[in-house]
Amino acid sequence: MVVSEETQLAEVLKQNVIKGDVKATESCVNKLLEMGLSARKIFDIISTGVLHMGEQLSNKEAFLPELVVTIDAFKKGLALIETKLKSEPKAGKPLRIVIGTVEGDIHNIGKNLVKTMLEVSGHDVYDLGVDIPADVFAAKAQEFDADIVGMSALVSPGLMSLRKTVERVRQVRGDRTNFIIGGYATSPALAEELNIMYAKDAIDAVNKIHDFVNRGGA
Amino acid sequence: MSEFTKDEMSTFDRVSATLKGEPTDRICIGWLGRKETGLGLPQVTVADVVRDKNGILLYKGIKALTEKFKPDIITVTTYTTVEAVAIGTKDKYFKDQLPAPVEYVIKSPEDLDRVHIPDPRVDGDLPCIYNALRKVVRDFGNYAPISAGTVGPFSVAARIRGLWDISFDIMRRPWFVHDLLKFATDACINIIEGWQSAGATGFTSGAGSETVLSPEHFRQFCVPYERQYLQSAKKMGFLSYSRHICSGPSADLVVDDMTRFGLDEMPTLVWGYYKDAATMAQKKKLFAEFSPCVAVGGTFRASDQLAYWSPSEIEAEVNRLLETCYPGGKYVHVADCCIPPATPLENIEAFVISAKKYRPK
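In the order they appear, the protein sequences are chains A and B.
At position 144 of the first sequence the residue is numbered 143 (numbering that gives the first Met the number 0), and the sequence of numbers has no breaks.
At position 91 of the second sequence the residue is numbered 90 (numbering that gives the first Met the number 0), and the sequence of numbers has no breaks.
Think of the hints as simulated: they come from the structure by calculation, not from any bench.
Among the clues, some could well be false.
What the hints assert, rightly or not - Covered, in the sense of this in silico footprint (three residues per stretch, anywhere, with C-beta under 8 Å from a C-beta of chain A), are these stretches of chain B:
{"hint": "1", "stretch": "95-101"}
{"hint": "2", "stretch": "157-171"}
{"hint": "3", "stretch": "212-220"}
{"hint": "4", "stretch": "244-257"}
{"hint": "5", "stretch": "301-315"}
All figures in this text were calculated on a predicted structure; none of them were measured in a lab.
All C-beta atoms, glycine included, are put in the ideal place defined by N, C-alpha and C.
Can you build the whole structure from these sequences, using the hints too?
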């Protein structure tokens, strides 16, 4: 079987993103652009690299330092195609996701990672940041017409804020918005009690949301 | 032979026998800090306690907890970025939870030349611990071993640089991480010198930052500096070492490498996150191969089991945990991490009383 130069280069690009090799990533992106590949296809390739690292993280084959350089290479590659990417149509209908760390908690690494993973999976993500009150979640969910609200809580006092956020968003939006939670303080039992989704890590969040879409959600 | 003696022991004898795996009169109860608010201190917030430079609120909270629960070990501590804040990291303070960093002091290698090793009597919120420690030693020094410490060199480095940035540096400029770690190690050593002068006999270490590393990076960036910290503590005359394992992506993997710290340097408690009771029992055996005087504790999840379960559920779970982990001794009864400040006291009571009453079936 003859493998095209484009396919070979795409695989090299993916591996360079995984390794966090910025110069090689940029070089591959530029070559693929010169070969006429669309920004959307290049985005899909570099996103696959990030998702692969997410899998490695989930399987404990890689850890935060390895992930940080993967994200760095991804962002540098993305910067080269960002303008073109915005002018190209997206395939399929992305979900609108509002994400943030709940009030009383300022941890952001897990939340940022989930945000990146959801973005590279093609969804529109609105990141509220950290220490976000329930009312702000609810207002942004309404403004953004969110399909899903994602909440991160690493410390246990955040669980009270998390419960309040679910309640407030439901008051404002009824059943139109679903929820996904993650972070050390959260648990599958809490998600079950609140009738919402739980993700044990970033790649699990992507998979749970994928399942949600396949079940006809949103 | 029964693992329990009939004669009541002093806390010092109980702790010593526990670490060696010798019979005790009951299970050894470790420190139960829940940041000391709410118990006899109405209308006092966590921020009030940790920023009180005289350490009076912290002392009062520790006194109240000690008198109520009679633990066998007392640890004087506040929050896990206190060292970094004393160096220049900026934290946000909360009413009902521990402060957390919002701006890290080291933004570039040049910043390392602009910071200084903190003096625990003067800098940031460290005087709160120093002054509370002196009072606790005065009042309880004859009752129980008293410890104080730091989060350890790697976690201090991560808290002055930021966990994301130090992770980036590990991959791209490891020389800078070693510079950070040398500074953080000196800071930790200087801080515990202060604690020793205030009367602490045991020292502590450990927080979550190192459990985002692969075992290879853990060996490279955590182990050598922790060893230096431990050896300096030994030279200062500290009598025991309490090493925390915080939950993190690699906690299950790097726990075995904690044997590289040198567990035989002094009597040691390795406490905190273990995947489950069976794992903790297994690690107890592993650690015993490296030192005759090392115990384990933890596993019981402070942030959900202890904070949200009912007292009867807690009692049942404690009994299940002890059935697996107590045989052979070398077990100290503590929760896996910081106890949330809002945890109901009846839950802590159930956690302690069920362990004190415990006898093997």
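Please verify the coverage claim for the stretch 244-257 of chain B: does it have three or more residues whose C-beta sits within 8 Å of some C-beta in chain A?
holds (count 5)
At a Cβ distance under 8 Å, does chain A reach at least three residues of the stretch 212-220 of chain B?
n = 3 at 8 Å, threshold three: holds.
Do at least three Cβ atoms from the stretch 95-101 of chain B come closer than 8 Å to Cβ atoms of chain A?
n = 6 at 8 Å, threshold three: holds.
Closer than 8 Å, Cβ to Cβ, for at least three residues: run that test on the stretch 301-315 of chain B against chain A and report holds or violated.
As far as the stretch 301-315 of chain B goes, the hint holds, because 5 residues have Cβ atoms under 8 Å from chain A.
If you look at each residue in the stretch 157-171 of chain B, do at least three have a Cβ nearer than 8 Å to any Cβ of chain A?
Result for this restraint: holds, n = 7.
This entry satisfies every hint, going by the numbered hints stated previously.
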